[in-house]
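I would like the entire structure built from these sequences, with the hints used as guidance.
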Amino acid sequence: MTTREPATESPTEPAAGAAAAPIIEAVGLGRDFVLTEGPFLRRTRRTVSAVQDVSFTVRTGEIVGYLGPNGAGKSSTMKMLTGILTPTAGSVRVAGMEPSRQRTRLAREIGVVFGQRTTLWWDLPLRDSLTLTRHLYRVPAAAHAERLAELTELLELEPFLGTPVRQLSLGQRMRGDLTAALLHAPRLLVLDEPTIGLDVVSKSTIREFLLKINRERGTTILITTHDLGDVERLCDRVMVIDKGRLAFDGGLPELRATVPTPRVLVVDLVAPAPAIEVEGATTVRVDGPRQWLELADNPARVIAEVAREHEVADLTLREPDIEGVVSALYRGTVPAGDRT
Amino acid sequence: MRVHAAVYARGLHRHSTYRAALVAGALTNSVFGAINAMVLLAVFAARPRISGYDAGDAVTQVFVGQALIAVTLIVNTAPSLDLAERVRTGDVATDLLRPVSLLGWWLAQDLGRATFTFFFRGVPTFCVGLLLFDVVLPGGPVHAVLVLASFALAAVVGFALRYLYSLSGFWLLDTRGLWTVAGLVGPVVSGMLLPLALFPSVLADVLRLLPWASMVQIPAEILLGKDTLPGGSVFGALLLQAAWAAALLALGAWATGRATRKVVIQGG
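Protein sequences, first through last, are from chains A and B. So in this note's numbering, spot 317 of the first sequence is number 317, and the numbers just go up one at a time. So in this note's numbering, spot 100 of the second sequence is number 1100, and the numbers just go up one at a time.
Since the hints were derived computationally from the structure, they do not count as laboratory data. None of the hints are false.
Pairwise CB distance ranges, derived in the manner of DEER restraints: (1) A:R108 - B:V1023: 39 to 45 Å; (2) A:R42 - B:A1246: 43 to 49 Å; (3) B:A1144 - A:A141: 33 to 39 Å; (4) B:A1045 - A:L161: 57 to 63 Å.
To be clear about the criterion: a stretch of chain A counts as covered by chain B if any three or more of its residues have a C-beta under 8 Å from a C-beta of chain B, and this derived list gives those stretches: (5) 73-83; (6) 97-106; (7) 110-124.
Glycine included, every Cβ here is placed at the ideal spot set by N, Cα and C.
Here it is as structure tokens:
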């Protein structure tokens, strides 16, 4: 497990220290659930660990992607960070507070968006939900108006501010939810699948917006997603959780390097043929005249050999993409040293 | 407090968006009220006085009940507070992420709804009663204020009960059965279906003291100026309503603490 050490900081210089100050600190975080199962009177209790011994630090200003397959413990972690779930082991501090004990106070410091849920008022114009946050978070009227104007421009809310939320498209609703989560200028934005179900243009609007508020306001962003486009565009750093344990924590290039996903040579033959057999490569898939060869060796030599033995129409060399890397991590083909 | 005023205003505004439902609701309440009143008129034609009630009293109580039906939502056999559905689906998690209390948030919102419903559905229904039957009106401005205060307390009691039914979803997997029972028993024990005066007097006296009576029977008796009121006076009756409102809200606050601890500690 690669855990970043928090930077040493001078307590006498709060301004300089604030830039690198940890906003989330999880130490040995764990969460067990007790399940009762079986027929009545013969019930057995079983303890299931959703999260085990997860330690990480997120510093102010970072954008961190939190990835993991369904059921890996992502949501449980998010719930513990926002205070709606108490850890059964370890500890966590967010913005200097203990989330489960200071949930309501913490709520003033953070913004949370669950992609599959909404905090907006279904029957009312979007504007009504957004003006309510002023009272909810006790934001001064002038500051609120200024932020709302800014967010309205950035997320192009103007055309539908007066539309009841139930009539908004998913992309519009998500922009509304993001605005609602940001009007009190939270230091930390926690996003749970913010681009789920959105089209390419809406996704891109939201990604560019998140980058902008991170750069300009220094808002720390923790994002869970299954969309690796989000990760590649947004995250400086990724954490991968699998079966409740942190399987990886580091930058994107390091993530790519962790898993030795082979490069793939895609060969288009002139006519369909049986799987190509060549030294230094394994044919993993055949589809008509197209074949996929996983390279274990120097591509130049393999390409030359394939071209000599077969009549080739086209060749493409594919670099491992983040998707392949992550699915290799999920499947458990991670080097033993990185797993416990 | 300002946030609650804002939430109240939005609850009020929110229900103003469904105008057709409002007209349909007022019509339903008027028609049902008229049928109920005619049945009672037939009863009182056979026996002009029952436990201190005459035909006019009975008809007035019917329309008090119909005017408060959508305010207190006691006849609904389906979950009638959005919170119930949010507990079932887990959306309540986003409610817990707001920096305000769950109870205060929902109380403000529901009172907004109740206020709007009272003026735009309850009052028209009551006016239909006035046109068609000999419905009793308050005896003066002071009496009218006391009656409105009683209606307001009825709305709070109605909310507090529905809030508790909704929270039970944290322990029961599905609260629909509970809502069905509440929606069937509630109208009977509250005096909505029949004035409690028509029940055997011992039973009626016990039912008067339960929270359900505070939603219809007590407000109706305050309007009618009955001496059967708990404590024998309008103020005794208002005190009983206020006590129920306070007790049920306190229970609601306690249950909220238990429910959130259960979710926060045991997981949801």
